[in-house]
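In order, the protein sequences belong to chains A and B.
Anchor point for the first sequence: position 20 equals 20 in our numbering, and the numbering is continuous, going up by one each time.
Anchor point for the second sequence: position 8 equals 123 in our numbering, and the numbering is continuous, going up by one each time.
By construction, these hints were calculated from the structure, which means they are not laboratory data.
Note that this is a predicted model, so its numbers are computed, not measured.
Every residue gets a Cβ at the ideal spot worked out from N, C-alpha and C, and that includes glycine.
Among these hints, one or two may not hold up.
As the list claims (entries may be wrong) - Here are the simulated distance ranges between beta carbons: (1) B/THR143 / A/LYS70: 35 to 43 Å; (2) B/ASN142 / A/GLU52: 24 to 32 Å; (3) A/GLN17 / B/ILE133: 47 to 55 Å; (4) A/GLU52 / B/ASP194: 40 to 48 Å; (5) B/PHE154 / A/ASP26: 20 to 28 Å; (6) B/ASP194 / A/LEU69: 45 to 53 Å; (7) B/SER122 / A/THR5: 27 to 35 Å.
Letter by letter, the chains look like this.
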Amino acid sequence: NAGVTQTPKFRVLKTGQSMTLLCAQDMNHEYMYWYRQDPGMGLRLIHYSVGEGTTAKGEVPDGYNVSRLKKQNFLLGLESAAPSQTSVYFCASRTRLAGAQETQYFGPGTRLLVL
Amino acid sequence: QQQVKQSPQSLIVQKGGISIINCAYENTAFDYFPWYQQFPGKGPALLIAIRPDVSEKKEGRFTISFNKSAKQFSLHIMDSQPGDSATYFCAATPYSGGGADGLTFGKGTHLIIQP
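When you get a sec, could you build the whole thing from the sequences and use the hints?
Dropping the structure here:
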């Protein structure tokens with residue numbers, strides 16, 4: 001049981017390049033989330049998904065797109081990277097069951113540097 | 116608009132002392148308040164969480180105190196140890212009804228426990 005995994009761990013992009021970050025979870029969770037973490041800013045929600053084929057915007061969605069084609073995978077895309085997107089990106093997942101299962105489980109993060 | 120305010124930004128405590136981190140929220144729809152612990156290069160991990168129907172929750176050396184009327188909650192770490200040195204984030208979300216809302220995080224507290 002690997003929990004939440006993220007690929008790649010680290011990436012350097014040039015301004016204008018595109019890339020996709022992959023998140024995978026093996027806990028059969030319905031809900032998945034993408035956050036970004038910047039120094040002194042905490043974590044901010046980018047997009048989230050409540051199930052296959054459904055996505056919704058979070059607090060800071062501009063410049064990002066997401067897709068959830070399979071229940072276990074949640075992809076975050078940058079179509080034209082900008083230096084302001086330099087950040088550490090975290091994926092998280094949780095079950096939709098209320099009660100003691102409310103915990104969001106986080107992946108190890110992807111560190112992205114845009115030059 | 117910062118919905119969850121966390122203080123202090125950094126904290127140095129002697130080994131064996133009590134570490135106290137405070138958070139205040141604005142959104143009265145929030146009804147689940149977790150604390151996450153993050154070590155360098157790792158993803159956040161749930162430490163302890165509380166719902167507003169109780170004023171205190173204790174798990175080992177970690178205690179959450181919750182004041183619903185003041186819309187404040189705090190984390191107390193008793194007998195602080197060097198291994199507790201990490202960044203701590205408070206968070207909040209409206210989980211009632213099984214909603215998929217993401218977490219709203221505070222900006223984090225960098226805690227150092229001096230031996």
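Each hint tested on the structure:
1. B/THR143 / A/LYS70: 35 to 43 Å: holds, 37 Å
2. B/ASN142 / A/GLU52: 24 to 32 Å: holds, 29 Å
3. A/GLN17 / B/ILE133: 47 to 55 Å: The hinted range 47 to 55 Å holds for A/GLN17 and B/ILE133, with Cβ atoms some 48 Å apart.
4. A/GLU52 / B/ASP194: 40 to 48 Å: About 46 Å separates the Cβ atoms of A/GLU52 and B/ASP194, which means 40 to 48 Å holds.
5. B/PHE154 / A/ASP26: 20 to 28 Å: Roughly 23 Å apart at Cβ, these two residues keep to the hinted range, so it holds.
6. B/ASP194 / A/LEU69: 45 to 53 Å: holds, 48 Å
7. B/SER122 / A/THR5: 27 to 35 Å: The hinted range 27 to 35 Å holds for B/SER122 and A/THR5, with Cβ atoms some 34 Å apart.
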